[in-house]
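Chemist: Produce the entire structure from the sequences given, and follow the hints as far as they go.
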Amino acid sequence: MVQPRSRDVQVAEIAQNTRVLRSRTWDRLKFEVEYARQKGTTANSYLIQAEKSALIDPPGESFTDIFLKELHDHQYFQKLDYVILGHVNSNRIETIKRLLEIAPQITIVCSKPAVNTLKAAFPNQELNLYAVRGEEVLDLGKGHELQFAFTPTPRWVDGICTYDPATRILYTDKFFGAHVCDDPIFDENWKKLDDDRHYYFDCLHAAQSKQVEDAIDKLSRFRPKWYGVGHGPIVRYSQSRLKLEYLEWCEQQETQELSVALLYTSAYGNTATVAHAIAKGLTDTEINVESINCELADPAEITAAIEQCDGFVIGSPTLGGHAPTQMQTALGLVLSTASKTKIAGVFGSYGWSGEAIDLLESKLQDAGFAFGFDTIRVKFKPTEEDLQHCEKAGTEFAQALKKAKKARAPRQVVAEVQSDRTEQALGRVIGSLCVITANQGETPFGILTSWVSQATFTPPGVTIAVPKGRAEGVLDQAETPFVLNILREGRNVRRNFIKMTAPGEDRFAELSTETAANGCVVLLDALAYLECKIQNRMDCGDHWLLYATVENGKVLETTGMTAIQHRKSATAY
1 MVQPRSRDVQ
11 VAEIAQNTRV
21 LRSRTWDRLK
31 FEVEYARQKG
41 TTANSYLIQA
51 EKSALIDPPG
61 ESFTDIFLKE
71 LHDHQYFQKL
81 DYVILGHVNS
91 NRIETIKRLL
101 EIAPQITIVC
111 SKPAVNTLKA
121 AFPNQELNLY
131 AVRGEEVLDL
141 GKGHELQFAF
151 TPTPRWVDGI
161 CTYDPATRIL
171 YTDKFFGAHV
181 CDDPIFDENW
191 KKLDDDRHYY
201 FDCLHAAQSK
211 QVEDAIDKLS
221 RFRPKWYGVG
231 HGPIVRYSQS
241 RLKLEYLEWC
251 EQQETQELSV
261 ALLYTSAYGN
271 TATVAHAIAK
281 GLTDTEINVE
291 SINCELADPA
301 EITAAIEQCD
311 GFVIGSPTLG
321 GHAPTQMQTA
331 LGLVLSTASK
341 TKIAGVFGSY
351 GWSGEAIDLL
361 ESKLQDAGFA
371 FGFDTIRVKF
381 KPTEEDLQHC
391 EKAGTEFAQA
401 LKKAKKARAP
411 RQVVAEVQSD
421 RTEQALGRVI
431 GSLCVITANQ
441 GETPFGILTS
451 WVSQATFTPP
461 GVTIAVPKGR
471 AEGVLDQAET
481 PFVLNILREG
491 RNVRRNFIKM
501 TAPGEDRFAE
511 LSTETAANGC
521 VVLLDALAYL
531 ECKIQNRMDC
541 GDHWLLYATV
551 ENGKVLETTG
561 MTAIQHRKSA
571 TAY
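Counting from 1, one number per residue, gives the positions in the sequence shown under the UniProt record's numbering.
If you are wondering where the hints come from, they were derived from the structure by calculation, not from laboratory data.
One should not assume that every hint holds.
Stated by the list, open to error - Pairs of lysine to any residue residues, derived as SDA-like cross-links and limited to a Cα-Cα distance of at most 25 Å, are as follows:
no., residue 1, residue 2
1, K533, G519
2, K192, A120
3, K554, T515
4, K405, S336
Unchecked claim - FRET-style restraints, in silico, Cβ to Cβ:
no., residue 1, residue 2, range
5, Y268, D27, 25 to 33 Å
6, E188, V555, 28 to 36 Å
7, V11, E257, 43 to 51 Å
Just so it is clear, CB atoms sit at the ideal spot from N, CA and C, and this is done for glycine as well.
Modeler: Below you can see the structure in the form of structure tokens.
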């Protein structure tokens, strides 16, 4: 049997005017910690050739030579108008540089953060740059009117995905891929990819599951048949299933018993690389990690993460002998918010000094925090040995977290144990996630609930339990109209009603809505809605139990699934 070459480029026409160029290697790429399975990988690029042509996601420097040779041999670059970048990093810069030497006429299409990265990488060169935010359309002709979605995550702050309605391919860059290298271009044997896809998610996305959910929510406005992924086989036969699996994996991360807030900024990508290695060690030990790039997050998000976590890890580069302003702000929030029972960790990268790391360490030590691992200091770009050490540090932190929780657990008397068990049992009662919308004077009102049940057939009616104080003056009178919006799995509408809002802030501002016949708001991203009218209200301790009749209703998404709220205890929503 002839052994495959260590690297090659596989080219195939996959749709109308569309080719895939799969740069392949059967070797482990040393610079990527997530390639630990040593199954090789493909770096997928896509070429759309209509009246104008666009190259989507050229590969990194490991494939630059063989990729450009393929473009040259087929003269693809001569009529190349656009290069679309799902993200920009130092690994991809070399290929972009060489592309510009061959085809200086190209326009680079990317997000605004990526524009800033490219300007810094090419300080003395005038680039043709086109920044997209998600509302633009790039018309290549012959129906290829490309649309975009800005999908930033802590790891790829400049991420965008591209949708081609002519072929219904959604080019997803780092989402939905797998690090495997073989001949099949499509995922005909998708069942065999289950483990590799889950492993890919755990390595790349587990620590940023909330942002992945947000990205999937943004991508739901498209109707793709295929995912043109950045790595592995094109997702053609299991697109719906893989999307649901991603949402399930995100939910699994969020329901882990112990959680860590991982806070950092990264000037050149080195601190971020360290952060991801620590996160991998944590997630491998079944710890939920909320990874927050403090350059993208507002103080309220950071504060909420600190309050809710069991431990936190904070990392910073050193710039001009100081920590970046965002990290100084994050440190201040930690010192003013975090209880001293939380386990802490510090890491960072530096060039000629490491004052920022020393600052974080000394401030947290002076405040009395216990550390889950020895402070990590990485000079310049982390080596593979550095990253292995960081993964072990993440595992060590997880063990310290579990030990601390066990030490804090009070000895319970039998009655308390039984109470605990009862709360856990009651928490297994599940309900459909819904948003009740009504009118508070002239202002729309919304409240999230999962305590809903059908109550009657004739007339059709429902019962809803709402906490006292949350809907006073809105849902406390008979004949009051409201809309029950039944949420759809996979869309994060609920986040608009979980987060705290400032006085006067409109919760509905970023949502697609219309007005129902009864004058209340309908959420168009819901699965269905019911127009209701309150008939009776009963006092039930800390809740009001409402009985309402249903006067009208409509299913908005016939193929969707109802979002369900799962709880581990009856003591919280």
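Chemist: Each hint needs a verdict: does it hold in this structure or not?
Modeler: Cross-check of the supplied hints:
{"no.": "1", "hint": "K533 / G519", "in the structure": "holds, 12 Å"}
{"no.": "2", "hint": "K192 / A120", "in the structure": "violated, 42 Å"}
{"no.": "3", "hint": "K554 / T515", "in the structure": "holds, 13 Å"}
{"no.": "4", "hint": "K405 / S336", "in the structure": "holds, 22 Å"}
{"no.": "5", "hint": "Y268 / D27: 25 to 33 Å", "in the structure": "holds, 26 Å"}
{"no.": "6", "hint": "E188 / V555: 28 to 36 Å", "in the structure": "holds, 33 Å"}
{"no.": "7", "hint": "V11 / E257: 43 to 51 Å", "in the structure": "holds, 48 Å"}
Going through the hint list in order, the structure does not satisfy hint 2, though it satisfies all others.
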